[in-house]
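> Next come the chains, spelled out residue by residue.
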Amino acid sequence: MIRSEILRAIAPVLRDHLVVCNIGLPSQELHMIDDNAKNFYMLGTMGLASSIGLGLALAQDKTVISIDGDGSVLTNLGTLSTIANNVADNYILMIIDNGSYGSTGDQPTYAGRKTRLEKVAEACGCENVITCRGEDTGETLQAAIDSGKMTIIVVKCDSGNIKLPVITMDPVVIRDRFMKAVAD
Amino acid sequence: MSIDRKIVDDLVANDISFVTTVPCKQLAGVIEEVEARDGILHVPSNKEDEGMGLCAGAWMGGKRPAIIMQNTAIGVTINTLATLIQYYRMPLPMLISYRGELREPVACQVEMAVHTKALLAQLNIPTYHFHTQSDADELDAILKYTFMCNKPVAILTDASFWGGYGDQ
Ligand SMILES: [Mg+2]
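Those protein sequences? They're chains A and B, same order as listed.
In this text, residue positions in the first sequence follow this note's numbering: the first is 1, and each later residue adds one.
In this text, residue positions in the second sequence follow this note's numbering: the first is 1001, and each later residue adds one.
Read the hints as simulated data drawn from the structure, not as lab findings.
Wrong hints could be hidden among the right ones.
[Stated by the list, open to error] Okay, derived cross-link-like pairs now, DSS-like style, lysine-lysine, Cα gap no bigger than 30 Å in a straight line:
| id | chain 1 | residue 1 | chain 2 | residue 2 |
| --- | --- | --- | --- | --- |
| 1 | A | Lys38 | B | Lys1151 |
| 2 | A | Lys180 | B | Lys1144 |
| 3 | B | Lys1151 | A | Lys180 |
| 4 | B | Lys1151 | B | Lys1025 |
| 5 | A | Lys62 | A | Lys114 |
Because the structure is a prediction, the values reported are computed rather than measured.
Based on the provided sequences and hints, a complete structural model is requested.
This is the structure in structure tokens:
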């Protein structure tokens, strides 16, 4: 299962929650599959989806799901210790771990070689770290939401991309629409 | 009143309730004060770009944020300032320890000090420089300005402002 198939499968779960989506293809895919005001698309700034999601979860009560990638988490590895030490039980970090930098042409990441992000998260002090297959993402995500506990989900899946257009929405429109959904 | 308390009082008076920090000797008193205040959620970050991500999320969640860091962080955060804070038009007061200015004992700090204002100017970031303690009288107005215009704003505080580096 590749990332776009996973996003399509879990769109019904994501739809009810605030979603901070990683730069590049993940945001483009989510935008194409189910664009709505509760989605915050990152158009730049690789690596910060998990940090933005944590800040958002700490600031208000609604459930926040950050959709991140293995390459992006590697670029901001400190985030896992910040998350572990600032628990927000309305926060779920979902790392789609396809072992490659999808948006730049599927070059391998170190997560696709020796590095195990789920073990890094545990070593950082994250208390609920779950690894699942792409096929089980929806069920795992729903269980994490229902648990009311901050959870890190590492989804192991295949690398691969579909062709799709870039997001042309104005960033301020994305942000303003999202903030209204947060406050709603 | 201590300058540390005055600064944090101004943050609180401007409804700032989410502060991220990266450690600094000169800003240690302010950071301690931030940690002690009930009305402020203090989330230390490992790196300043991560901190700006936290601030962006907190602001979208309804809390006014601020970041406290050293001027070397400008080198670390240019991409984040341009593609997140400025691109999505978000307010972010940046209280910055301006190392490498007069009375600096560490030569390497000067290497980023000479680029600091030029980089901030290149990014069109409104920049204020506190050199003597009375300069901090403007902090309240600077914070109001930041949340009026939804921009990152830099407040550089140099060694003279903090009273030097002690015995070094
Ligand atoms: Mg990847």
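> If a hint holds in the structure, say so; if it doesn't, say that too.
Checked hints:
no., hint, verdict
1, A:Lys38 <-> B:Lys1151, "holds, 23 Å"
2, A:Lys180 <-> B:Lys1144, "holds, 22 Å"
3, B:Lys1151 <-> A:Lys180, "holds, 19 Å"
4, B:Lys1151 <-> B:Lys1025, "holds, 27 Å"
5, A:Lys62 <-> A:Lys114, "violated, 36 Å"
The structure shown violates just one earlier hint, number 5.
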